[in-house]
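Sequential numbering of the sequence shown, starting at 2, is according to the working numbering.
Errors might be hidden in some of the hints.
Said to hold, decoys possible - Here are the simulated distance ranges between beta carbons:
1. L21 / K48: 26 to 36 Å
2. Y55 / Y17: 43 to 53 Å
3. Q11 / I56: 54 to 64 Å
4. L23 / Q57: 45 to 55 Å
5. V52 / F13: 45 to 55 Å
6. Q6 / V49: 53 to 63 Å
7. V52 / I19: 43 to 53 Å
8. N12 / N47: 41 to 51 Å
9. V7 / L32: 31 to 41 Å
10. Q54 / F13: 53 to 63 Å
Everything labelled a hint here was simulated from the structure, so no lab data went into it.
Built from N, CA and C at the ideal position, the CB exists for glycine as well.
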Amino acid sequence: MELLQVLLFQNFFFFYYIMLPLVFLLFTFFLFSWCKSENVLSTCKNKVLKVTQYIQYA
Numbered sequence: 002m003e004l005l006q007v008l009l010f011q012n013f014f015f016f017y018y019i020m021l022p023l024v025f026l027l028f029t030f031f032l033f034s035w036c037k038s039e040n041v042l043s044t045c046k047n048k049v050l051k052v053t054q055y056i057q058y059a
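Given the sequences, and given the hints that come with them, work out the whole structure.
Okay, structure coming up:
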């Protein structure tokens, strides 16, 4: 019974200190690659430029 508790405890720490950072890194990597593939930043810049041009002409 104690061995089982120790294993669960170690797995708990393994999960929280290794798996969560890995999942976080993978999530940020996929988000970054999606932004690069979809060119989200360039579309946002184009929208901002259009809005600023519209404000200048108005």
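We went through each hint and held it up to the structure:
1. L21 / K48: 26 to 36 Å: 35 Å, holds
2. Y55 / Y17: 43 to 53 Å: 50 Å, holds
3. Q11 / I56: 54 to 64 Å: Roughly 60 Å apart at Cβ, these two residues keep to the hinted range, so it holds.
4. L23 / Q57: 45 to 55 Å: Given about 48 Å between the Cβ atoms, the range holds.
5. V52 / F13: 45 to 55 Å: The hinted range 45 to 55 Å holds for V52 and F13, with Cβ atoms some 50 Å apart.
6. Q6 / V49: 53 to 63 Å: 56 Å, holds
7. V52 / I19: 43 to 53 Å: Holds, since V52 and I19 (Cβ atoms, about 45 Å apart) stay within the stated range.
8. N12 / N47: 41 to 51 Å: At roughly 49 Å between Cβ atoms, N47 and N12 fall inside 41 to 51 Å, so the hint holds.
9. V7 / L32: 31 to 41 Å: Between V7 and L32, where Cβ atoms are some 37 Å apart, the hint holds.
10. Q54 / F13: 53 to 63 Å: 56 Å, holds
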